[in-house]
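Throw the hints in and build the complete structure from the sequences for me.
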Amino acid sequence: MSVAPDFYLAGPSWLHAADPRAKLLLLVLTVVLLLVFQNLWVMLAAWLLMLIVHRSAGVPKERIVFLLRALLPVTILMPLIWVIFYPAGEVIISIGFIDIHGESLAEGLTVALRIQAMTFAIFALLFTTDTDTLMQGLVRLKMPYSWGLMLSLALRYVPNFANSYSSVQQAQQARGLEYESTRGLKRVREMMPVLVPMIIGSFRSSEQMAIALEARGFGAPGVQRTYLNVIHMRAMDWAIVTVGLLAAVALLVLNIVYGFGSDLISIFP
Amino acid sequence: MAEIETQNVSFSYSEAGDVLRSVSLQIRRGEFVALIGQNGSGKTTLAKHLLGLLRPREGKVVIQGDDIRSKAVGEIARRVGYVFQNPDHQIFSATTREEIAYGPQNLQLQEAEIVDRTKHAMDRFNLTAHSERQPATLSHGIRRKVALASIYAMDPRIWILDEPTGGLDWRSTQETMALLHELNEAGKTIVLITHDMQIVAEHTERCIVMSEGQVVAHEATRTVMERSETLGITPPQAWKLGSALDLHPPPLTVEAFCRNYGEKLAAGRGISVGRS
Numbered sequence: 001m002s003v004a005p006d007f008y009l010a011g012p013s014w015l016h017a018a019d020p021r022a023k024l025l026l027l028v029l030t031v032v033l034l035l036v037f038q039n040l041w042v043m044l045a046a047w048l049l050m051l052i053v054h055r056s057a058g059v060p061k062e063r064i065v066f067l068l069r070a071l072l073p074v075t076i077l078m079p080l081i082w083v084i085f086y087p088a089g090e091v092i093i094s095i096g097f098i099d100i101h102g103e104s105l106a107e108g109l110t111v112a113l114r115i116q117a118m119t120f121a122i123f124a125l126l127f128t129t130d131t132d133t134l135m136q137g138l139v140r141l142k143m144p145y146s147w148g149l150m151l152s153l154a155l156r157y158v159p160n161f162a163n164s165y166s167s168v169q170q171a172q173q174a175r176g177l178e179y180e181s182t183r184g185l186k187r188v189r190e191m192m193p194v195l196v197p198m199i200i201g202s203f204r205s206s207e208q209m210a211i212a213l214e215a216r217g218f219g220a221p222g223v224q225r226t227y228l229n230v231i232h233m234r235a236m237d238w239a240i241v242t243v244g245l246l247a248a249v250a251l252l253v254l255n256i257v258y259g260f261g262s263d264l265i266s267i268f269p
Numbered sequence: 001m002a003e004i005e006t007q008n009v010s011f012s013y014s015e016a017g018d019v020l021r022s023v024s025l026q027i028r029r030g031e032f033v034a035l036i037g038q039n040g041s042g043k044t045t046l047a048k049h050l051l052g053l054l055r056p057r058e059g060k061v062v063i064q065g066d067d068i069r070s071k072a073v074g075e076i077a078r079r080v081g082y083v084f085q086n087p088d089h090q091i092f093s094a095t096t097r098e099e100i101a102y103g104p105q106n107l108q109l110q111e112a113e114i115v116d117r118t119k120h121a122m123d124r125f126n127l128t129a130h131s132e133r134q135p136a137t138l139s140h141g142i143r144r145k146v147a148l149a150s151i152y153a154m155d156p157r158i159w160i161l162d163e164p165t166g167g168l169d170w171r172s173t174q175e176t177m178a179l180l181h182e183l184n185e186a187g188k189t190i191v192l193i194t195h196d197m198q199i200v201a202e203h204t205e206r207c208i209v210m211s212e213g214q215v216v217a218h219e220a221t222r223t224v225m226e227r228s229e230t231l232g233i234t235p236p237q238a239w240k241l242g243s244a245l246d247l248h249p250p251p252l253t254v255e256a257f258c259r260n261y262g263e264k265l266a267a268g269r270g271i272s273v274g275r276s
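Respectively, the protein sequence lines represent chains G and S.
For the first sequence, the numbering used here gives the first residue as 1, with consecutive numbering after it.
For the second sequence, the numbering used here gives the first residue as 1, with consecutive numbering after it.
Among the hints, erroneous ones may be present.
[As the list claims (entries may be wrong)] Sample of chain G residues at the chain S side, in silico, Cβ under 7 Å:
# : residue
1 : GLN173
2 : ALA174
3 : GLU180
4 : PRO197
5 : ALA220
6 : PRO221
Because the hints were derived from the structure by calculation, they are not lab data.
All C-beta atoms in this analysis are idealised placements derived from N, C-alpha and C, irrespective of residue type, glycine included.
Here it is in structure tokens:
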């Protein structure tokens, strides 16, 4: 079975070419703005913008569908929680004994869209930045090299972990494992034959990885680290940073001074 | 009736293309066959179909006369034992004894039967001294034995083994192959996935050769070795040396080489070195 070594998808897009520091800044600004704005329609626009960013970066539809599918439980759960536990506003429809309040539903949808948009923003970075470049970007932003390496290894191992889960599950199915329960502690107990080998395997591979890194000089004292591919901020990257900052400041001013996007439903209250 | 049969099985993991392309084969009961081919040729993918771990996109898999496409893996596991390449993918119990008992428990056998099978498996694989130890802390060779013993305790009629001797020393390899012969003599059907042509030549009767998702040969091991060049297989050293020394037929094993060579010398026919 083919396994992607990490989330990265090589491509020629503007987002691929951008410096990781510029992309990290855009990510931070996006997350801040998504947290500041409270409006359903703004959130929907942000969500659409994230989809456009992904498509403009050449991310295949299958990957986008994969993300949407992975986020499906949250997308359903958030409106449900708000409708059931935080009733507010007028009742727009009644289903059995549950009254659906318009404001609650809008709030739940806003939260779901916010989570989706944030996830898409993070994956826009991960899909278009290989782990070495990302690590270098973080280190150039004064993060200690060992932290950057830890983060990049963690990201690189997520797909491996998923592949390992599939292999372990098949090995246990071959010995007759069948899930009888779909939830709760019983399900967790049934999952133990899969979880334990995965945890042991993770410890084993992290130990081997540590030895392999040390054997190749990681942590050698008094060494000035160099890189195979050195990143540079180019004119295009400064343009991205400038446009991103200006747009963020403009949106924050609109929000703070004119209340743009601060109401749940009305764009300008 | 074939013990294992696949009819035009095609399968793909993604839209990138078929990993199996219309694979049809039959394996009779009690056969000892090798499933060989280069990395990525589809051996493991095909083997996983025989246990229902993967389901064919097209075609069907028939085990002992039953179409298994709609059967649960747990149900098929009663008949088909699959030993995975990496023993660490299955070891999770606190003790070796519990690890071996896990499979029989899933088969919902009586307690006395589970105890009996577990004890028998531990005896057979010399694991009794490790019975109360955590299997994850044992050496790699012993962990492989635990994986084999855990399938042995389930007593399947068909055994599929994915590289069971990979990373094992000579003695452990011989022990593993002796076990497979013992199982085969007891009527079990053995499907062995391996890259070790010496093992194939010494131990198997027939070979299924895969290439790019297709079965390109399913013949007697000797015939496959004779066609090795066209099939892209490297025959074992004994075969290559025997061919170079014009021994007819070329020997499959070192023992056969010594015998044939000795006979040739005794016959005083002299030795002419052919192609290297």
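Evaluated hints:
no.: 1; hint: GLN173; result: 4 Å, holds
no.: 2; hint: ALA174; result: 4 Å, holds
no.: 3; hint: GLU180; result: 10 Å, violated
no.: 4; hint: PRO197; result: 5 Å, holds
no.: 5; hint: ALA220; result: 30 Å, violated
no.: 6; hint: PRO221; result: 34 Å, violated
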